[in-house]
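Read top to bottom, the protein sequences are chains A and B. Under my numbering, the residue at position 87 of the first sequence is numbered 87, and the numbers go up by one with no gaps. Under my numbering, the residue at position 211 of the second sequence is numbered 211, and the numbers go up by one with no gaps.
Worth flagging that the hints you see were computed from the coordinates, not collected in a lab. Glycine residues also receive a C-beta, built at the ideal position from the N, C-alpha and C atoms. A hint or two may mislead.
Just so you have them, the derived chain B footprint on chain A, three or more residues with Cβ under 8 Å [stated by the list, open to error]: (1) 9-22; (2) 35-44; (3) 91-103.
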Amino acid sequence: MLKDNYSIFLADDDQDDTQFLIDAFKELPQAVTVTTFDNGVELMDTLWKSDQLPHMIFLDLFMPMMNGEECLADIRNETKLSKIPVVIYSTMLDMQKAEILHQKGANLYLRKPSSFEALKDALTQCIRYIDEGGNTARGMADFIIQY
Amino acid sequence: MISKTGKPQFNFLRGGGEMGEIIRGKNWKNTPLGAPETWPQSLKFALTTMLHSAFPCFIFWGKDYVGLYNDAYRPSLGSKGKHPFILGQKGKDAWPENWDVIHPLLQRVWQTEKATYSEDQRIPIERNDTIEDAYWTFSYSPIFDENGDMGGVLTTLIETTQAVDAFQKLSLSEDELKFAIEATDLGTWDVDPINNTLKSNRRLKEWFGLPPEEEIALSQAAEAIIGKDRQRVREAIQQATDARTSGKYDISYTIRNKETGQERFVRAVGRAWINDDNICYRFNGTLQDNTDQRIIEKERLKLISIVENSTEFISLADVHGTIEYVNPNGLQMLAWDTYGDRNILDCIYSEDREEAQKLVPQLFEKGFFSAEIRFHNQQTKKHFWMLWNAFEVKDPKSNEIVALASVSTNIEGQKLKETELQHALAQISKEKEKFRNLVKYAPIGIATFTGKQHIVEMANEASMRVMGAGKKDAVGRPLFKLLPKGNSHLKTLMDSILKTGKTIRQLEFPGVVLIDEKPETLYFNVVFRPLTDEAGKTIGVMVVADNVTESVVLKHILQENEKQFRKLIMQSPIPMAIYAGEELIIELANNTMMNNFMAGKSEGEVIGKSLLDVFPGLKDQKYPRQLLNVIRKGKTYSEKESLVVLEGEKGTQEFYVDYDYIGLSDVDGKVSGIMVTANDVTAQVKAKRKLMEFSKELESEVQKRTTLLASANKKLAASIKKLEATNADLESFAYVSSHDLQQPLRKIQMFTSRIIDRDLENLSEGGQRDFEKISLAASRMRALIEDLLAFSRANTDSPEFERKDLNMMLDEVLENLEDKINTTGTRIETDSLVTLNIIPFQIRQVFQNLIENAIKFSGKDNTPVITIGSEKVRLEKENTLGLVAEKEYVHITVADNGIGFEPQFAEKIFDVFQRLHAKLEYDGTGIGLAIVRKIMQNHNGAISASSAPGKGATFHIYLPL
């Protein structure tokens, strides 16, 4: 179901990467509001307190204080958050780790692309994923988005 | 005078009522009396008197006895009878029915001129159309005429028929009453209290023992009452006869007939009659003999007492089984308070109820049953055995069953005793058996034989058995026909007794006897006694024999054993000796002992002498004490490698000896001797000592080495730990640094791409190209870092082997490479692969790498075709791959139709960073195959490649099965 406005939460400690994401969303036709967090703790804080939940959460794995994997666990444990689609957003792609994250309930694994166009394409896929209802029952091949 | 009717009236006929009239009116002329004028004066007078008498009268006048009567008499004639015909008739004509009775009486009066008197005389009279029996009380009196002569008879009479009838009826009633009284077994008594007399019936007289007189003194009756009741009876009589009371009398007491002594218990019931003066004039009643009842009552009370006090269980129930009575003990047994509303089955222990229910119908069939069953105490909840006897109670007349009775005994104790008894009986059986066996095997036979033939005269069972005969066979037969051959000595002996007449006793006398038809020698302690006749002549032999075969046989065996034993000892190569008693007398010392330990001494010096006398040097050593200990305590003593110092001719000698002191017991179990076995082990001891020293040295050496080894191991373990730690560090370092290295490179790429996207028009061609090159360089570096990480992983990963189907793994890899395969149009043909124990992640890497390479090096215009094959192999001893010989491996080939390579490079391609082509031609880090080889090493497998330029390449991987 298409939305008027897509609310996206992003947890990433890298300023440049954060900016890339915001800029890429801007260039997409859909209206997207991106809320960014420096680390996992701030993200979880807001998630717990907020009534307005995002349509999708992007988690970087390498973060201080609370890394992406830990956030994922918390999100999936919390009933009100458990249905929100989570995208693992990382430079690295270690297949074993990816499998683990898939089992732990991550919906997509987006390997940070090295071109802007690729990033836009990937985000479009993510939005389509939201539109399709955010179903996690996907095989590993569909789970991973890399270029 | 003439009456108005014309008839003459006479004054003497005046009055007289009806009869007077009839008489006056009758025509007397034709009657025997004639006309009344002719009647004599006496007649007239008599007639006048009669007519005016109110008393019945009848006149018989003259010798003809002509009859005349008055009104008072007339009723006696009844109706339809003689009245008035007999008036003026002759007697015999008037009274035909009784003339024979009255005529003589009338005649008597004429003769005697005296009156007659008859009371209640029966004189039949014809009247009322019949001849009736009538009773009369009458008098015939003479009537004299003027001359004083008899003229006629005057009858004055009363008919007493009714009275007589009544009297007769009364008599009858009285008789009937007496009869009734007789029938009732009652005594009757009638007391006159004023005169104190008693009338009683025969029965009462019998009971009281009274004289037979009708009336007796009351005191005589009182005598029969027994002493203790007299006062009571007297008072009761006084009470009854007192005018103020009701007069009723009812008392029971005991009487004793003083003649017969018989006692009766009687009940007197009666009534006192009081007259108007308030005096008791009559006191009468009946007497009932209640002796039987009394006895019955006593018996009844006894019975109740028996039932109530009985220790048995007694109960009564109706025909439906509802209980009507349980005696106190019965209630106690069951611990019931009452028996109300209970059924007979309620007594029964629940488990036995079924059986009980089967028994009850028997009661109705047979009339009784008796069974052992368990009752149940309601309170203690315990059950106990009872002998349950039940029977039906019938009404003797109607034969109907009126009740079910039970008299049952507690047999709990009996049951226990029964069990005990059974045990006891079993015990007795056992004992009997034992005894029987005893007798069987230790018999003393007694037999007598007569005559030269030694004929068996008498023989007991034991001796019969010995002779091998049954009772019938033996007696009367000659002994030596019964016994088998081999008993000639016996015959000689018995013959000699007949001659000498002397008793002979023999111990362990052998006799040959048939046992199971085989001749065997038995041994007997026997006495042969001569039998003599009155004259003193020896006529036979009595034999008393005790079968001691067993003990004799044993003795022989023992003797034999002893012999053998001695032989054994004497011949033994082991030094052996036997010392006897506390003096340790050397009874026996075999040759070896003599030679080894008693060297220099002769047998004579040793045998029979005390040990300490022969070897005084031993006194101060431990041996004598040990020997005595064995004798006293009976315990065997052994010592090994004991140092013995013996003084001999050759001087002081030292030995090492293994010795045993074994107690030899007598028959009574006491140790009386010691068997000594000694072994000279000096040589062994010395040798052992040497060996021990040597082994000690060896041990210390080994100890040293072990210590060294242990410390070396420790160091190794420590090193391994360090290495593992380092590995772990290295892994995470590699991972993190890989990430940290890649991050900036990616950003370079990203920013570069944005510049290109955003400012493409602003850039010069050179600028565009430069930026592209920057991006490319960054990509390459990223690839390198990835591969380095992979290579490092292959080296440091802790391997987790899993059993995996390689086909599935291959499919996963092909799926991953789907895009590449599709864009290049690569065709893949594959054999079926095995399932193996592998590190999944690493093997996937291998497949991925080899297939990617095959696609990469496919050649420009070629459609890549990759063929994957699989087979099982066993390699020969020597192989260049470093695989174990004779071990089974799976050999998988990945062959492509690409550009191939020079065979000389077949090994080199697996080195790190080794590339066969320039970067521009074929991209790659050069690490890939190095990683693959490392992975194969991790699996204890191997990889090799074969190729020729332009002919494609085949990669061979070997994995152990």
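Quick rundown of the hints versus the structure:
Only residues whose C-beta sits within less than 8 Å of a C-beta in chain B count toward coverage, and the region 9-22 of chain A has 4 of them, enough to reach three; the restraint holds. Residues of the region 35-44 of chain A lying with their CB closer than 8 Å to a CB of chain B number 0, which falls below the three-residue condition for coverage. Residue count for the region 91-103 of chain A with a Cβ under 8 Å from a Cβ of chain B: 5. That meets the three needed, and the coverage hint holds.
In the structure shown, a violation is registered for the earlier hint numbered 2 alone.
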